[in-house]
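> So the chains spell out like this:
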Amino acid sequence: MNRGPLVFLAAFLALAASWSGFVLAPQIQIGRQQQETNVVNTAELYPQARPGLARQGLEVYRANGCAACHTQQIGQRGTDCEVILTDAGTNPIAVAEALVNAKVGISQASGAGLAAGLPKTILCGVTAEVAKAAVNAVRPTGAKAKIEIVPRGPDIARRWGPRRTVAADYLFDYPVMLGSQRVGPDLANVGLRPPDANWHLRHLYAPRLAVKDSIMPPYRFLFERKKIAQQPSPEALPLPAELAPPPGYEIIPKPQANALVAYLLSLRCNAPLFEAPLTPAMAPSAAAPTNAPAQ
Amino acid sequence: MSPETNQPVSGAPDSRQSPAKSVTVPIWLMVLMFLLLYWGALYFDQNGAWFSAKVYAPYRTLDQVEAFQVSSGASDVFEQGKAVYNKPTCAACHQTGGQGSPGQFPPLAGSEWVNEPEPGRIIRLVLNGLQGPITVKGQSVNNVMVPWNVLSDQDIAAVLTYVRQNKEWGNNAPAVTPAQVKAVRDKIQKTHPGPFTPAELMKISPAD
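Respectively, the protein sequence lines represent chains F and L. Residues in the first sequence are numbered from 5 upward in steps of one, following my numbering. Residues in the second sequence are numbered from 66 upward in steps of one, following my numbering.
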């Protein structure tokens with residue numbers, strides 16, 4: 005062994021290279037990220053710190069190992085544009101001609117067809133350049149068209165979130181509950197899915213009451229059985245006969261359960277950001293949280 | 066260590082102690098490594114976005130992210146005008162907030178010269194420049210404004226629209242079109258090549 009310094013140098017270089025790639029580079033990239041004015045949306049600061057109860061809920065989420073089965077990260081494969089005609093102007097025939105001449109993939113368009121049923125999607129799944137070309141072609145004719153940005157990917161098709169998640173979404177979470185296995189659905193925007201706090205409480209107490217065939221274990225230790233003192237508490241869980249406590253008792257969520265639900269409802273990840281462009285949806289999606297891809 | 070290994074032996078050399086032969090790397094391996102390095106550098110340049118924190122997959126460059134930024138469409142001229150104003154052309158003297166500097170450069174924010182309903186005077190003023198005492202918002206300023214006829218009709222129209230429609234500055238006057246700028250430019254090219262004085266401008270009908 006007379007090559008000690010050389011072996012040491014090689015080992016040092018190998019470790020230093022991986023440290024630079026995995027620690028130093030990300031630190032330089034996003035280590036000093038701060039709350040920013042979200043000019044894309046409404047000039048409000050993004051992200052906002054979670055409210056106090058939700059912050060405590062993060063600790064409950066962490067303590068119960070929710071991240072072992074649930075991720076909080078949405079992937080995205082690509083981004084498409086849609087062009088929506090909002091106003092056909094006074095001469096729809098000229099609009100149709102302009103669109104055909106702009107060579108944006110529309111080979112036939114009739115003025116009457118365009119003018120009917122506005123606002124109307126005239127181009128779908130195109131690149132930003134094509135969409136801008138179409139809008140510019142339409143503008144001189146007096147018609148108005150707008151571009152909608154539509155992220156695309158399997159997670160988005162499952163309605164787990166409107167866009168990919170980025171570092172800014174997790175800025176105030178410590179630790180970040182990214183998760184790595186999707187035994188259950190992704191929870192990055194579970195706060196925007198329709199069920200309310202009562203649904204989440206029932207789901208925690210008895211998952212199959214809320215989702216048929218759920219494989220989630222019940223978290224009944226987040227609830228307590230109490231004797232009904234004078235009249236039933238408004239917080240008591242409404243339960244079917246086979247799960248109901250004996251007469252004179254009721255099931256009340258502990259503070260941890262309420263904190264966990266507040267945390268779940270605070271998960272959103274839907275703001276349009278510079279780094280994750282998106283045209284915000286008008287209404288929340290009506291799909292129930294599920295693992296199955298949307299049909 | 067036996068003592069005889071330290072001395073040269075005339076017989077067969079001990080294989081454990083044979084001097085290290087210099088290893089030559091084949092030239093094709095060197096070329097391959099350089100080609101790989103070159104390809105890696107190209108790939109990084111095209112897909113790495115230079116470690117920008119604003120670029121996430123599936124985007125590969127900052128330009129791709131910018132292509133998807135929503136533009137409101139109607140304010141394109143306003144944005145162009147803002148860019149021209151802050152180049153700095155106008156902002157050098159009139160400041161980015163349009164407040165000017167007292168006694169030297171008159172303000173554009175709330176100025177009665179800027180907010181005239183017809184843009185005839187202010188187009189002339191920007192194209193050929195100005196000299197002589199001018200009264201803006203009750204304050205008299207005697208200075209020289211350089212001509213900006215090097216700017217295109219499009220740019221001048223955009224920057225005047227930006228200044229005249231800047232609600233933050235308290236201005237609210239109709240937009241200026243490139244055609245209006247071109248008409249004035251053609252008209253004064255022959256008849257009035259030099260800078261205007263405020264008195265001359267006041268004689269001109271604003272709609273002209």
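One thing to keep in mind: the hints can contain errors.
Unchecked claim - With a cut-off of at most 30 Å between alpha-carbon atoms, the simulated DSS-like pairs for lysine-lysine come out as follows:
| no. | chain 1 | residue 1 | chain 2 | residue 2 |
| --- | --- | --- | --- | --- |
| 1 | F | K136 | L | K252 |
| 2 | F | K136 | F | K107 |
| 3 | F | K124 | F | K136 |
| 4 | F | K150 | L | K232 |
| 5 | F | K258 | F | K216 |
| 6 | L | K247 | L | K152 |
| 7 | L | K268 | F | K150 |
| 8 | L | K247 | L | K232 |
| 9 | L | K232 | F | K136 |
| 10 | F | K148 | L | K147 |
| 11 | F | K148 | L | K247 |
As the list claims (entries may be wrong) - Stretches of chain F that chain L covers, calculated by requiring three or more beta carbons in the stretch to come under 8 Å of a beta carbon on chain L:
| no. | region |
| --- | --- |
| 12 | 84-90 |
| 13 | 272-282 |
Read the hints as simulated data drawn from the structure, not as lab findings. Note that CB positions come from ideal geometry on N, CA and C, so glycine has one too.
> Check the structure against each numbered hint from earlier and tell me which ones fail, lowest number first.
Of the numbered hints, 1, 7 and 12 do not hold.
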